[in-house]
Every structure is written in C-alpha cells, then in structure tokens.
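Trainee: Work out the full structure, taking the sequences as your base and the hints as a guide.
For the protein sequence lines, the chains are D and B, in the order given.
Under my numbering, the first sequence is numbered contiguously, ending at residue 391.
Under my numbering, the second sequence is numbered contiguously, ending at residue 609.
Among the hints, erroneous ones may be present.
Just so you have them, the derived chain D footprint on chain B, three or more residues with Cβ under 8 angstroms [what the hints assert, rightly or not]:
1. 81-93
2. 279-286
DSS-like, lysine-lysine: derived pairs with alpha carbons at most 30 angstroms apart [unchecked claim]:
3. B:K131 to B:K436
4. D:K176 to D:K86
5. D:K185 to D:K225
6. B:K224 to B:K131
7. B:K369 to D:K282
8. B:K81 to D:K230
9. D:K390 to D:K185
10. D:K109 to B:K529
11. D:K131 to D:K189
12. B:K237 to D:K131
13. D:K109 to D:K86
14. D:K390 to B:K436
15. B:K237 to B:K406
16. B:K436 to B:K529
17. B:K224 to B:K436
18. B:K406 to D:K131
19. D:K189 to D:K390
20. D:K82 to D:K144
21. D:K144 to D:K226
22. B:K224 to D:K86
23. D:K295 to D:K185
24. B:K406 to D:K109
25. D:K295 to D:K282
26. D:K176 to D:K189
Which chain B residues face chain D? A few, computed with CB under 8 angstroms, are given here [as the list claims (entries may be wrong)]:
27. S62
28. A129
29. F276
30. F378
31. P389
32. K406
33. G409
34. L441
35. A455
36. V459
37. Y472
Derived from the structure by calculation, the hints contain no laboratory data.
What you are looking at is a predicted structure, and each value in this text was computed from that prediction instead of being measured.
Glycine included, C-beta positions come from ideal geometry on N, C-alpha and C.
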Amino acid sequence: MKSKVVYSSLAMLIIALVLLSPVTAAGTKEQAKEPQFEGEAFWTVDGYDYDKLVAAAQAEGSLVARWQSGRAPQAAQAFEAKYGIKTVASPRFDDSENIERLRREVQAKNVQVDILGMDDGAIILSEFIPKGMVVSWTPPDLAKDIADAEEYPQVVYWQPCVIGYNSAIYSESPIKNLWELTEEKWRGKFVTCDPQIQPYMWHFFAAVIDHGDEFAQAYQDLYGKKLVTKYENAGWEWVARLFANNPIAVEHDTEVAKAIGSPGQTNPPIGIHTLTRHRDAKEQNLHLGFDPNVKPAVGFAMPTYMVIPVDAPHPNAARLWARFLLTSEGSFPWTNVVGGFSPNQTIAASKSNPFTSSWGEWLDVLLMFDPMQSAEVRRDLIDMWLMSQKK
Amino acid sequence: MRHIKELFAAKDGGKTPRLLPLRGRGAFNPTMVLGIVLAFVLTYLIAIPVFMLVIESVQVHSIDAGYLQKETGSLTFSYFKRALTSRVSSVLFLDPLANTLLIATCITFCTTIVGYVLAWIITRTDIRAKKIFATLAVVPFMLPSWSYAAAWITLFKNRKQAGAPGILEVMGFTIPDFLAYGPLPIIICLTMHYFPLAFLMFGNAFQRIDSQMEESAQILGANKLQTAIHILLPVMKPAIMSTILLTFARTVGTFGTPYTLGRPVRFNTLSTSLYFTYQSGEPGVMAVIALAMLIIGALLVALDVYVLREYKRYVTMGGKGQMSRPFTLGPLQVPMNLLVGLFLFVVIVLPLGVLALSTFMVTPGWFVKDNFTLQFWFAEETRVREAVPGLLRDPQLLSVTWTSIKVAGIGALICGTLGTLVGYAVVRLQQYRLSKYLRHLSFLPYLVPGIGFGAAYLVLFATGRGPIPALYGTLLLMILAMSVMYLPLTTRSSISSMAQMGAEPEEAAMILGAGWLTRMFRIVIPIQKRSLFSGMLLAFIQGMKELSLVIMLAVPGLEVLTTLSIRYTDNALMQMSNGVILIIAFITFLLTALSQRLTKTNLAQGIGG
Numbered sequence: 001m002k003s004k005v006v007y008s009s010l011a012m013l014i015i016a017l018v019l020l021s022p023v024t025a026a027g028t029k030e031q032a033k034e035p036q037f038e039g040e041a042f043w044t045v046d047g048y049d050y051d052k053l054v055a056a057a058q059a060e061g062s063l064v065a066r067w068q069s070g071r072a073p074q075a076a077q078a079f080e081a082k083y084g085i086k087t088v089a090s091p092r093f094d095d096s097e098n099i100e101r102l103r104r105e106v107q108a109k110n111v112q113v114d115i116l117g118m119d120d121g122a123i124i125l126s127e128f129i130p131k132g133m134v135v136s137w138t139p140p141d142l143a144k145d146i147a148d149a150e151e152y153p154q155v156v157y158w159q160p161c162v163i164g165y166n167s168a169i170y171s172e173s174p175i176k177n178l179w180e181l182t183e184e185k186w187r188g189k190f191v192t193c194d195p196q197i198q199p200y201m202w203h204f205f206a207a208v209i210d211h212g213d214e215f216a217q218a219y220q221d222l223y224g225k226k227l228v229t230k231y232e233n234a235g236w237e238w239v240a241r242l243f244a245n246n247p248i249a250v251e252h253d254t255e256v257a258k259a260i261g262s263p264g265q266t267n268p269p270i271g272i273h274t275l276t277r278h279r280d281a282k283e284q285n286l287h288l289g290f291d292p293n294v295k296p297a298v299g300f301a302m303p304t305y306m307v308i309p310v311d312a313p314h315p316n317a318a319r320l321w322a323r324f325l326l327t328s329e330g331s332f333p334w335t336n337v338v339g340g341f342s343p344n345q346t347i348a349a350s351k352s353n354p355f356t357s358s359w360g361e362w363l364d365v366l367l368m369f370d371p372m373q374s375a376e377v378r379r380d381l382i383d384m385w386l387m388s389q390k391k
Numbered sequence: 001m002r003h004i005k006e007l008f009a010a011k012d013g014g015k016t017p018r019l020l021p022l023r024g025r026g027a028f029n030p031t032m033v034l035g036i037v038l039a040f041v042l043t044y045l046i047a048i049p050v051f052m053l054v055i056e057s058v059q060v061h062s063i064d065a066g067y068l069q070k071e072t073g074s075l076t077f078s079y080f081k082r083a084l085t086s087r088v089s090s091v092l093f094l095d096p097l098a099n100t101l102l103i104a105t106c107i108t109f110c111t112t113i114v115g116y117v118l119a120w121i122i123t124r125t126d127i128r129a130k131k132i133f134a135t136l137a138v139v140p141f142m143l144p145s146w147s148y149a150a151a152w153i154t155l156f157k158n159r160k161q162a163g164a165p166g167i168l169e170v171m172g173f174t175i176p177d178f179l180a181y182g183p184l185p186i187i188i189c190l191t192m193h194y195f196p197l198a199f200l201m202f203g204n205a206f207q208r209i210d211s212q213m214e215e216s217a218q219i220l221g222a223n224k225l226q227t228a229i230h231i232l233l234p235v236m237k238p239a240i241m242s243t244i245l246l247t248f249a250r251t252v253g254t255f256g257t258p259y260t261l262g263r264p265v266r267f268n269t270l271s272t273s274l275y276f277t278y279q280s281g282e283p284g285v286m287a288v289i290a291l292a293m294l295i296i297g298a299l300l301v302a303l304d305v306y307v308l309r310e311y312k313r314y315v316t317m318g319g320k321g322q323m324s325r326p327f328t329l330g331p332l333q334v335p336m337n338l339l340v341g342l343f344l345f346v347v348i349v350l351p352l353g354v355l356a357l358s359t360f361m362v363t364p365g366w367f368v369k370d371n372f373t374l375q376f377w378f379a380e381e382t383r384v385r386e387a388v389p390g391l392l393r394d395p396q397l398l399s400v401t402w403t404s405i406k407v408a409g410i411g412a413l414i415c416g417t418l419g420t421l422v423g424y425a426v427v428r429l430q431q432y433r434l435s436k437y438l439r440h441l442s443f444l445p446y447l448v449p450g451i452g453f454g455a456a457y458l459v460l461f462a463t464g465r466g467p468i469p470a471l472y473g474t475l476l477l478m479i480l481a482m483s484v485m486y487l488p489l490t491t492r493s494s495i496s497s498m499a500q501m502g503a504e505p506e507e508a509a510m511i512l513g514a515g516w517l518t519r520m521f522r523i524v525i526p527i528q529k530r531s532l533f534s535g536m537l538l539a540f541i542q543g544m545k546e547l548s549l550v551i552m553l554a555v556p557g558l559e560v561l562t563t564l565s566i567r568y569t570d571n572a573l574m575q576m577s578n579g580v581i582l583i584i585a586f587i588t589f590l591l592t593a594l595s596q597r598l599t600k601t602n603l604a605q606g607i608g609g
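Mentor: Pasting the structure below:
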C-alpha cells in the first residue's frame with residue numbers, strides 16, 4: 001500500500017509538470033478573426049489614412065481600455081456612438097494594477113487589453129517600451145498641434161497639481177517660497193498623498209530634484225545666503241528637509257483637499273493636490289486657494305499617458321480611440337471641467353479653471369518632470385521616504 | 001479524572017479507526033482513489049501557484065533589471081537583503097513583522113475567549129432567544145472587515161489627522177492617540193469582526209458533544225469546573241486548534257483595518273507593508289513579505305500537527321445515541337440574556353448604525369439639519385458630484401449585485417463539495433502520507449495574500465495548458481479562484497467534524513453491505529451536513545466581501561460589489577461606499593437566512609436550537 005502511494009504521487013508530479021508546460025504554446029492565443037490590414041501602413045506618418053483607420057477599427061468591432069480616470073466610460077459612450085465600436089473602458093485602474101496586469105498578460109502571452117491610460121511614464125519609458133511590450137502612438141494628422149515633448153510617450157491629458165492653502169483663514173498664501181515648508185512653523189502641517197500609495201507623487205519630488213538650480217536660487221532669495229548641502233543639489237536638500245519635517249501622508253488627494261480646506265479650522269495645514277479638487281470644493285464646502293507666484297513653482301504638471309500593447313487584440317480600434325481622445329469630442333469629459341488640459345493646443349480648457357485656462361501659462365508656474373530622470377531617482381527617493389518613516 | 005478520559009478514549013479511539021476493508025482486500029479502495037484525485041487537483045490549484053509566488057522573491061523582476069545590472073529572471077538575493085538587512089529593513093519588514101505577530105496574538109486570544117464563551121452560553125445553557133442570538137452573532141462576519149475600522153474612525157478620529165474630526169471630538173471629548181489609532185483599536189475592531197468565526201467553530205463542536213459524557217463525569221463525582229476542564233476542554237481541542245489557526249492566519253493577512261487605523265500613526269503590519277511595496281513597484285520585496293506570511297502560516301500548521309497528533313482520541317460521536325441537556329443558569333438567566341443582548345448590540349447595531357447614518361449626511365458627524373440628505377441613495381444625480389446617480393438609481397447596481405452573488409455562490413458550492421471530500425479523505429486515510437499532504441495543502445490558500453494568489457492564477461490560467469483551457473478573462477476563473485481561496489474554511493470544519501465522527505456508523509453500514517457511494521450519500525454527508533453547510537456559508541460570506549483576489553482577475557465590464565465600493569472610495573464618495581457595504585451586508589444576511597430556511601439545516605438553528 002505504501003509503495004502504491006509513492007508511485008501514485010510520483011505519477012501525479014509528472015502529470016502536474018506536463019500540465020504546467022504550455023503544450024499548445026503557439027496555438028493558444030486566438031488570432032483576431034477580423035482582417036488585420038497587414039502591410040498597409042496607414043498608421044505611419046507617411047502612409048497615414050484616417051478613413052482606412054476607421055474602416056479597420058470598425059472591422060475589429062470592439063475595444064477594451066483600462067484607464068486610470070473615472071471619466072473614461074463617458075468618453076467610451078461618445079466613441080461608441082460615433083464609430084459604432086463596442087467599447088469597454090474600465091475606469092479607475094490605478095497604475096500598480098494596470099502595470100502588474102500587463103506584465104502578467106505579456107508574460108503569459110495573453111494580452112486582453114487594447115490600450116492603457118496611466119500616469120507612470122517612468123515605467124513606460126524604462127520598461128514597457130524598451131521591452132517591446134507597448135508602443136506609443138501619435139496620430140500623424142494631429143501631431144502639428146501637439147508639442148514634441150508631449151508625444152513620447154503620448155500624453156492624453158494634463159492635470160496641474162498645486163500647493164494650496166485654506167482660503168477662508170488666509171486672505172493670501174501663507175507661504176511665498178517653498179523653502180518655508182521646511183521650517184519649524186510648518187512642521188507636521190504639510191499634507192501630501194502618501195507616495196507609497198499614490199506613486200505619481202514621486203514625480204513631484206523627482207521634478208524638484210530635476211530643478212535643483214531653481215531651488216538653490218529660491219533658497220538664496222529667501223534667506224539671503226547660499227545653500228550648503230551634502231546632497232547632490234538643492235532639490236535633494238529640499239526633499240530631505242521636507243521629509244524630515246514630519247509631513248502628513250494621506251491616501252488620496254481628496255483628503256488633502258479636505259485637510260486643507262475644511263471649514264471651522266483654526267490652524268489649517270498646507271498641502272499638494274490636483275487642481276481638479278477645486279471642481280467640487282463648493283459642494284463640499286471646502287475653502288481652497290493657491291498662489292501661482294510661489295517660488296520656485298506652485299506645483300507640478302502631471303501627465304496621463306496612453307500606450308498600446310504590441311499584442312493588443314484590436315490595434316486599429318486602439319489607435320482610433322487614441323486619436324479620438326485628442327480631439328475636442330473625445331477629450332470633453334476631461335477638458336470641460338476644472339483641472340483638465342489637452343496636449344492638443346487647439347482644444348480649449350474649461351473657462352472656470354482658477355488662475356488661467358491656458359495650458360501654456362500654467363506651464364510657466366509648474367515644474368515639469370522627466371520620466372526617465374524620475375525612474376532613475378525613484379529608488380533613492382523611496383529609501384529617503386522610508387527612512388523618514390522610522391519612528 | 002484520567003480514567004474517564006481513558007474510558008472514552010478506549011471506547012472509540014483505542015482501536016484502529018481504519019475502515020475494515022482497507023486492509024486485507026485492498027485491491028480497489030474508492031477512498032484512496034478519491035485521495036489521489038484530490039491530490040492532483042490541489043497540487044495544480046494550490047501548490048503550483050504558491051511555488052510560483054516563492055520563485056518571485058529570488059528572481060530579478062523586469063523593473064529592477066537595470067538597477068541590479070542583471071537579466072530579468074536570473075537568481076538574486078537582493079530582495080531578501082533589502083527586506084532583512086538594509087537600512088530600510090526595519091520600516092519595510094522587521095517592525096511590520098513584530099506588529100503583525102503582536103496584533104495576531106492578541107486578536108486570536110480575544111476572539112477565542114469571546115467565541116468560546118458565547119458558543120457555550122448559546123449551545124449549552126438554557127438561555128432564552130437562542131435562535132435570535134445565534135443568528136445575530138454571525139452578522140459581524142458578514143461585513144467587510146474594514147467596515148469596523150470605518151465606523152471606529154467616524155467615532156473616534158481625533159485632530160491628529162488633518163481634516164474633520166470624529167463625532168466624539170465634535171461633542172467635546174479629547175481622544176488620545178492610542179485610542180484613535182494603532183494597535184488597540186485594531187485589536188478591538190478585528191476581534192469584533194472575527195469572533196463569529198470562533199463562535200461557529202465552537203458552536204458546531206459543542207453541538208456534537210454528547211452531554212452523557214459530562215453527566216458520567218459528574219456521576220463519578222467531578223464538579224462543574226473539573227468537568228469543564230477535563231471533559232469539555234480536551235474534547236473541544238480540535239475545534240480550539242482550528243479556531244486559533246484560522247483566526248491567527250486570517251489576522252496575519254488582514255489588510256483593511258490595520259491600513260485604516262494603523263497608517264496615521266505609522267503602525268504597519270506585513271499586509272500593509274506588502275500593499276505599499278505593491279503600490280510603489282517593488283514586486284521582489286513584495287514576494288519576500290508574502291513568503292514571510294506563508295512561513296508564519298507553515299509554523300502554525302506545524303503547531304497544529306503537534307498538538308493534534310492524537311486527535312483521533314477525541315471521537316465524540318459514536319454509534320450510540322446521543323443527547324444534549326442544557327446547563328441550567330437559574331437566577332443568572334435574565335442577566336445573562338441582557339449581557340449577551342448588550343454585547344451583540346455593541347458589535348452589530350452600533351457600527352452598522354454609524355455607517356448607515358453616514359450615508360444620510362453630506363459631512364458625516366456634523367449634526368445640522370441641512371446636512372442630512374437622501375441623495376446618496378435616491379437622487380437621479382447627486383449634488384456633490386455630477387454624473388453620479390444615487391446608489392439605488394445606478395443602473396449598474398443590479399447586474400453588479402448579481403455577479404457578486406453568482407461568483408460567491410457558485411464558488412461556495414464548489415468549495416463546500418471539495419472541502420467535504422478533502423475532509424473525508426484526510427480523516428479516513430489518516431495512516432498515509434497522502435492524508436497529511438492533502439491536509440496541509442488545502443490550508444495553504446489561507447496564508448497566501450489575495451493579491452499574490454490572484455497574480456499567480458492570472459499567469460497560470462492565461463494560456464491553455466494541455467486539457468485545461470485558458471480561463472483568464474472569464475467569470476469561471478474568478479469562481480475557481482474563490483473556491484480554492486476559501487477551501488481552508490470548508491476543509492477545516494469538515495476535518496474537525498469528521499475527526500469527531502468515529503468509523504462506527506460507516507462500519508455498521510458496511511457490514512450491512514452498503515457500497516462507498518451509498519455510505520457517502522446516506523451516512524457521511526447527512527451527518528456532516530451541518531458543518532458542511534456552515535463551511536459553505538462561511539465561504540459564501542467571505543466571497544461576497546472578497547476584494548484583493550478580484551482585483552487581479554475581474555473581467556472588464558463585470559464588476560462585483562466590493563470593487564464598486566472601492567470605486568466610490570477612490571472617488572472620495574465615502575457615503576456611497578458605506579452604502580455599498582450596507583448592501584453587501586444586507587444581501588449576505590438575506591441570502592444566508594433564505595438558504596437556511598430552505599435547507600432546514602441552518603447554522604444558527606443548529607447552534608441555537
């Protein structure tokens with residue numbers, strides 16, 4: 001009896017191993033039944049043909065998008081209505097989920113998504129594109145209206161992220177210079193999204209490091225002396241001092257807005273949040289204000305990118321969707337409300353935006369970051385953050 | 001006292017518990033076939049995904065390939081170094097480990113005591129309204145675990161965390177930090193949430209104890225305390241061990257509550273640290289943390305094996321009749337009723353009330369007339385956010401609810417069937433290694449973090465492998481993952497009740513010529529149906545609340561209630577998120593009550609009546 005058990009478990013192990021190896025590796029991925037229009041380069045700059053793209057997309061018949069924003073289904077409805085392509089745009093896919101799923105799907109050679117909307121440009125540039133997992137595509141007919149820097153990877157919309165204050169308590173910004181945030185006065189009174197939960201915040205700190213010279217200048221302006229730092233530059237020094245100044249880390253930027261703007265406070269904190277929070281400030285009875293003249297910048301410009309998996313089941317529909325989102329119709333769910341801006345310069349943003357509805361003017365007061373540089377400093381930033389979390 | 005124990009031990013466990021034909025004839029043994037088939041299935045569904053997870057901790061991930069200057073997939077120990085010996089290891093791993101062990105120990109201790117006492121009062125004494133109490137005692141388990149934390153924060157939040165303070169601070173109390181955040185509230189909240197698990201385990205075990213055993217002891221001169229210690233406690237040992245094991249493992253993996261209550265004071269546990277590493281893109285370190293959780297679980301299992309190595313001794317259900325006579329409370333009856341009632345009020349009505357109240361307020365906790373509203377439930381378009389309809393006006397709600405019920409329901413059925421079979425095979429094949437293999441393997445899913453399990457399933461089922469088709473992207477995979485994830489619940493309850501059921505009833509049938517299938521359907525399943533049913537209900541209830549597993553496997557366009565709730569949370573619509581929690585609790589409760597009525601073997605009545 002005992003040997004029987006041994007034999008059967010041996011047999012079991014062998015069968016399990018056989019099952020594990022993808023026996024039908026090549027044949028399992030079902031090829032799309034629709035014509036692929038191979039060889040016809042109507043996506044490329046030279047051979048671009050909008051009508052053929054539409055025809056090919058309609059032949060594919062459906063589209064699956066995973067999007068970081070909750071407004072994607074609205075755009076999907078409009079897209080479906082216009083082109084008759086059945087569209088499922090799953091909203092609120094946060095980046096970690098989107099990234100992990102794509103990695104696993106590529107690993108298993110079973111990609112189930114046609115296009116991703118995500119914030120983490122660092123991953124796109126350092127992993128997804130170099131490994132041939134995704135491509136970034138700019139509609140050739142719209143390229144002239146989009147700045148080159150915003151095409152790789154292709155930005156789908158911008159959001160300003162601003163450092164704001166409680167406008168009921170303070171008639172003007174209580175800080176004029178970001179270095180003030182590292183002073184004792186603001187100890188434990190700077191609210192930010194926890195970058196470990198909202199990784200896009202790393203981009204802000206990376207942008208600060210990238211603009212070290214401006215921070216050095218701002219330091220000199222404020223204190224009248226040159227900054228001496230053991231770090232690489234003034235940007236690192238600012239980040240280190242900010243982390244050491246016991247910032248409050250919350251889950252989501254709606255909480256930042258509440259922490260800053262809730263009524264009835266006597267000594268409200270300062271915090272960084274997306275401009276979108278100004279949209280619902282009135283209904284939620286929040287008093288939010290910001291001063292675009294804060295030195296060296298009032299915040300940073302946060303892009304959302306779109307990329308198309310190389311093995312997307314519906315590559316043409318994905319491109320048509322990408323193009324659609326860069327037109328006024330497709331970008332409507334984002335650009336008709338406060339806080340959203342299209343990289344397509346011909347699309348006007350909502351007039352109810354505070355400060356200005358011109359994206360060009362926003363860029364003057366915000367820090368821009370470089371996704372590659374952000375990827376490079378990410379690990380050291382994480383460590384610095386973790387060290388500051390020690391009790 | 002020893003004699004009595006030995007008397008019973010000799011009666012049932014003293015002789016070999018093997019079924020007669022296992023020896024001698026031996027040529028074809030259906031139980032052995034069953035065991036082998038189960039071993040195959042579980043190896044594929046559990047061992048391989050877990051193995052894949054372990055591999056992740058020593059393999060270079062593509063995101064780190066550049067930084068580590070190594071090929072993706074090559075061997076590395078840098079993730080272990082980072083977690084164990086780097087300058088950030090105390091934040092990433094060591095402190096969370098200590099915190100996890102601390103809260104898991106406290107919570108296990110508290111839930112075991114609360115569950116044991118409550119189960120004893122309700123099953124073994126003549127307290128009134130047993131049925132109602134027993135039904136109510138399960139309710140806390142039907143709420144998503146973080147709902148207690150949500151209610152706690154609404155009440156106790158102090159001004160340390162920026163923003164609006166909690167209700168008590170508004171009323172003028174000053175809440176110290178240790179009461180608002182950190183280990184104490186986490187332990188309290190999770191005890192309130194997990195005690196029903198202990199209650200059900202103990203209730204079922206008490207139910208099967210023949211009170212003749214206690215009476216014999218008393219006839220032989222033992223007093224009540226001695227009876228409790230020397231008769232009841234040893235007999236309850238399998239159930240106690242199961243409870244400790246399940247609760248401890250569950251609290252090691254629990255995420256929502258430590259996240260909500262611990263994060264503001266930087267009190268991290270392994271699960272929250274796991275989440276942070278997942279979010280900030282450190283899959284290697286994440287795998288190390290997951291591995292640590294697995295090892296804690298493995299140690300628990302080893303402890304379980306050590307303590308229960310003689311569990312066959314405590315067979316309580318022999319071939320003879322059994323009876324149960326309640327313990328008379330006498331003058332204590334009324335106060336005891338009040339006490340149990342008060343306890344259940346505090347753990348059910350209070351938190352649910354706080355949550356419910358919040359769905360009717362624009363700013364929760366601010367008691368001003370204008371602040372009350374019905375919009376989150378009924379508005380065609382809520383005022384606080386454009387294009388968001390009230391919960392009950394959401395056209396999605398019905399289909400989402402249906403998907404949830406389908407996934408959790410079918411998952412629970414599969415889980416229950418599989419669990420009973422595993423339990424049967426484990427107990428009946430006790431003398432073989434196979435039994436141990438099945439027993440330990442079927443417990444593993446309980447120790448694997450949902451996110452990691454989901455990720456492994458995605459890879460495993462994304463392509464067709466041999467006869468197994470590609471299931472990724474179908475509802476079926478979610479159902480399958482769910483039924484495996486909760487297998488420990490059904491196997492544990494099945495094992496502990498099978499262990500108490502001696503071989504006698506089956507042997508009697510065998511002598512009368514009943515075949516294996518007949519015995520299974522006419523004897524084993526009917527006797528086991530109570531525990532089978534409660535195991536399945538637990539799986540169903542868990543399935544309705546499951547989030548982390550679903551996040552990796554959910555099919556685009558097919559959401560479940562929990563993802564809907566998180567969608568609202570992410571959009572800062574706490575009221576609607578709380579509303580969904582209430583809907584989950586309501587539906588779970590309704591379906592539980594309904595299925596109990598239909599099957600007539602309900603777990604509440606089983607324990608209460």
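Trainee: A separate judgement is required for each hint: does it hold in the structure or not?
Mentor: Hint-by-hint comparison with the structure:
Against chain D, the region 81-93 of chain B contributes 5 residues with a C-beta closer than 8 angstroms to a partner C-beta. That satisfies the three-residue criterion, and the hint holds. For the region 279-286 of chain B, the stated coverage by chain D holds: 5 residues have a C-beta nearer than 8 angstroms to a C-beta of that chain, and at least 3 were required. The suggested pairing of B:K131 with B:K436 is violated, with an alpha-carbon distance near 37 angstroms, which exceeds 30 angstroms. The straight-line distance between the Cα atoms of D:K176 and D:K86 is roughly 50 angstroms, outside the 30 angstroms bound, and the hint therefore fails.
Our distance criterion of 30 angstroms between C-alpha atoms is met by D:K185 and D:K225, whose separation comes to about 20 angstroms. For the hint linking B:K224 to B:K131, the alpha-carbon distance of about 25 angstroms falls within 30 angstroms, and the restraint holds. Under the criterion of a C-alpha separation no larger than 30 angstroms, the hint pairing B:K369 with D:K282 is consistent with the structure, at around 19 angstroms. The suggested pairing of B:K81 with D:K230 holds, with an alpha-carbon distance near 27 angstroms, which does not exceed 30 angstroms.
Distance hint between D:K390 and D:K185 is fulfilled; the C-alpha atoms sit about 22 angstroms from each other, no more than 30 angstroms. Only pairs whose Cα atoms come within 30 angstroms are accepted, and D:K109 paired with B:K529 is rejected, the gap being roughly 43 angstroms. Our distance criterion of 30 angstroms between C-alpha atoms is broken by D:K131 and D:K189, whose separation comes to about 42 angstroms. As the CA atoms of B:K237 and D:K131 are separated by approximately 55 angstroms, the hinted pair breaks the 30 angstroms bound.
Restraint check: the Cα-Cα separation between D:K109 and D:K86 comes to about 24 angstroms, which is no more than 30 angstroms; the hinted pair holds. Between D:K390 and B:K436 the CA atoms are separated by roughly 43 angstroms; this puts the pair beyond 30 angstroms, and the hint is violated. The straight-line distance between the Cα atoms of B:K237 and B:K406 is roughly 36 angstroms, outside the 30 angstroms bound, and the hint therefore fails. The suggested pairing of B:K436 with B:K529 holds, with an alpha-carbon distance near 24 angstroms, which does not exceed 30 angstroms.
For the given pair, B:K224 sits about 37 angstroms from B:K436 by alpha-carbon distance, which is inconsistent with the 30 angstroms threshold. With a C-alpha separation of about 39 angstroms, the suggested pair B:K406 and D:K131 falls outside the 30 angstroms cut-off, and the hint is violated. This hinted pair checks out: D:K189 and D:K390 have alpha carbons roughly 18 angstroms apart, not beyond 30 angstroms. Among the hinted pairs, D:K82 with D:K144 is consistent with the structure: their alpha-carbon atoms are about 24 angstroms apart, no more than 30 angstroms.
Our distance criterion of 30 angstroms between C-alpha atoms is broken by D:K144 and D:K226, whose separation comes to about 43 angstroms. A hinted pair counts as satisfied when its Cα atoms are at most 30 angstroms apart, and B:K224 with D:K86 does not qualify at roughly 71 angstroms. For the given pair, D:K295 sits about 18 angstroms from D:K185 by alpha-carbon distance, which is consistent with the 30 angstroms threshold. Between B:K406 and D:K109 the CA atoms are separated by roughly 29 angstroms; this keeps the pair inside 30 angstroms, and the hint holds.
Among the hinted pairs, D:K295 with D:K282 is consistent with the structure: their alpha-carbon atoms are about 28 angstroms apart, no more than 30 angstroms. At roughly 16 angstroms between alpha-carbon atoms, D:K176 and D:K189 fall within 30 angstroms of each other, so this suggested pair holds. The beta carbon of B:S62 comes within 6 angstroms of a beta carbon in chain D, closer than 8 angstroms, and the hint placing it at the interface holds. Hint on B:A129 is violated. Least Cβ distance to chain D is approximately 42 angstroms, over the 8 angstroms limit.
A distance limit of 8 angstroms between C-beta atoms decides the matter here; for B:F276 the minimum to chain D is near 4 angstroms, and the interface restraint holds. A distance limit of 8 angstroms between C-beta atoms decides the matter here; for B:F378 the minimum to chain D is near 17 angstroms, and the interface restraint is violated. For the restraint placing B:P389 at the interface with chain D, the shortest Cβ-Cβ distance is roughly 13 angstroms, beyond the 8 angstroms limit, so the hint is violated. Nearest Cβ of chain D to the Cβ of B:K406: about 19 angstroms, over the 8 angstroms cut. The hint is violated.
The criterion of a C-beta within 8 angstroms of any C-beta in chain D is not met by B:G409, whose closest approach is roughly 24 angstroms, and the hint is violated. A cut of 8 angstroms between beta carbons decides the hint on B:L441: the least distance to chain D is about 12 angstroms, and the hint is violated. The interface hint given for B:A455 is met, as the beta carbon of that residue sits about 6 angstroms from the closest beta carbon of chain D, less than 8 angstroms. The restraint placing B:V459 at the interface with chain D holds, with a minimum CB-CB distance near 5 angstroms, inside the 8 angstroms limit.
At its closest, the beta carbon of B:Y472 sits 6 angstroms from a beta carbon of chain D; the interface hint therefore holds under the 8 angstroms criterion.
Violated hints for the displayed structure, listed by number in ascending order: 3, 4, 10, 11, 12, 14, 15, 17, 18, 21, 22, 28, 30, 31, 32, 33, 34.
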